[in-house]
Amino acid sequence: MLLRKIINTGCLIMMLVFISCTSSSLREMPDSVTGYKPIYASSNEALKTVYTKTAQPTVKAGKIYVTGNLLFQVEQDSGIHVINIADRANPVKMGFIQSAMCREVAVKNGYVYTNNLADLVVVDISNINNVQIKSRIENVFPDLILQSPPALNNGQTTYFECPDPAKGVVIGWQQTTVNKPKCWK
Amino acid sequence: MKKFKHYFLYTCLIIVSFNCSKESASKQSAAVGGAGGSTARFTISGNYLYVVDHTGLKTFDISNPLAPLYKGKKELGLNIETIFPYNDKLFIGSSTTMYIYSVTTPDNPTLVASAQYQIRMACDPVVANETVAYATLRASGPCGGGVSQLVVYNIQNPSTPVLANTISLNNPYGLGMKGNALYVCESDGGLKVFDITSQYNPEFKTTITGEQFLDVIPYGDVLIAQVQGGMALYDVATNPLAPTFIAKINN
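Chains A and B are the protein sequences, given in the same order.
To convert, note that position 64 of the first sequence is 299 in the working numbering; the numbers rise steadily by one, no gaps.
To convert, note that position 6 of the second sequence is 7 in the working numbering; the numbers rise steadily by one, no gaps.
Only chain A is shown next, with the shape it has when bound in the complex:
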C-alpha cells in the first residue's frame, strides 16, 4: 500500500514535470519572455469550504448535468451554476455552489457530487440557498486539478514558471515577464 502510494506520487510528480516542463535541452528557452507565474492558495483549509453564493455570470463555462428541471454547469475552477429550466424559454439561475478547483459535477437524489480541490465532496442541495457538505473523501483526484496557464495566443507557445507542489494549490495564473522559464505548452 505504501509502495503503491509512493509509485502514485512518483507518477504525479512525473506528470507535473512533463505536462508542462519539457527539458530545456529539447528547446531553446528564451531568457526573458511574456508568460505566466502560478498564484498559490495561501491556505488550502480556507478553500475547503463549499457554500451557496448568489447567481453568478458564466465566465469559464464547463461541464453540464441535468436532473428534473435543474441544470448544472461547472464554472471551471470555482463552482457550479444551478439553473431552473422548468420554463424552457426562460431559464433562471437559482444560485451558485462555490467549490475551489471545481471541474466535474454529477447529481443524484438531491446530492451534488463534485470535486473540491482534489477531494470528492457530497453536497446536500435540498435547500439551494444554503447548501451543505455532507461528506468528503480527501485527495482522490490529484490529477484532475493539475494546472497549466491559459494560452497567450492561438497556436503560440506559452511559457510559464513551473508549479511547485510544495508551495500549495495553484489557484490561478498571473501574466508577467518570466526569466529563463523551464515550462511551456
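Certain hints may be false.
Unchecked claim - BS3-like, lysine-lysine: derived pairs with alpha carbons at most 25 Å apart:
id	chain 1	residue 1	chain 2	residue 2
1	A	Lys369	B	Lys74
2	B	Lys72	A	Lys343
3	A	Lys369	B	Lys59
Bear in mind the hints are in silico, worked out from the structure with no lab data behind them.
For this one, chain A is given, so just place chain B on it according to the hints.
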C-alpha cells in the same frame, strides 16, 4: 537521444490530454435521476459514482451519500478522458482506445472489450446503446494526426466491437444521441445532426450554427448544449433531426 524522444512523446501525450479535458465538457446517461454530457469524467450508475482520472477508473459506493466509500482504482492506461454509462456498461474514451466495462458487479467493474482507434492521440468521447457505439476523434491540436473522425462500432457482441463506419469531421467535441438523431459538436463549426435510422450508417442532415458547441445532453423534449460561454437549449420534441433554438444561458 532515444530517451529524449521518449520523453517528448510522453509530454505530447500529456499535453493532448490536457487540451482535451480543458476545453471539453460532461456526461450523459439513460439513468434515472440525471444525465450528463459525453465528455464527463464523473458518472453515476445505480448506487455507484464512477470517475475517470488521467490513468484509470475509480469506483465509489454512494449508497449512503453521508458516507461514500472509495472502492478502488482500475489502471487503464494514459490519457483517459471520458466516461459514459449505458445500462450495465461503462464506455470509456482515451486518446487511443474505447474501453467497455461491465458493472454487473458494480463495486468491481470488469473489462469487456477495448477497441484501439486507427487514429492515435485524439480526443474521443463515446456514446452508446445496446448495439452501437459512436466516438468522435478530434485529431487537431499539438499532437493529433490532423484527421478527425466519427467512428461507428457495432457492439451487438460487446466483447468484440467491430468498426462499422468512419465519417470525416472537422473539429469534433462531445456528442449525444436521441432516437434516430445523433448530434455531434464541432465547436465553431456548429452542431452537426445525423440521421441514424440506419444506425451503422449515419446520414448527415443539417448543421445548427450560432454557437460554439462543445457537448450536448439530449433530455426528453429538449437538447441541452454546452457552448462557449454557457449553455443553450433547443427544442427536439417536434423533430429530433431539426433542433430549434429556445434559450441561451450565460449571464
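*Are there hints from earlier that the structure breaks, and if so, what are their numbers?*
none
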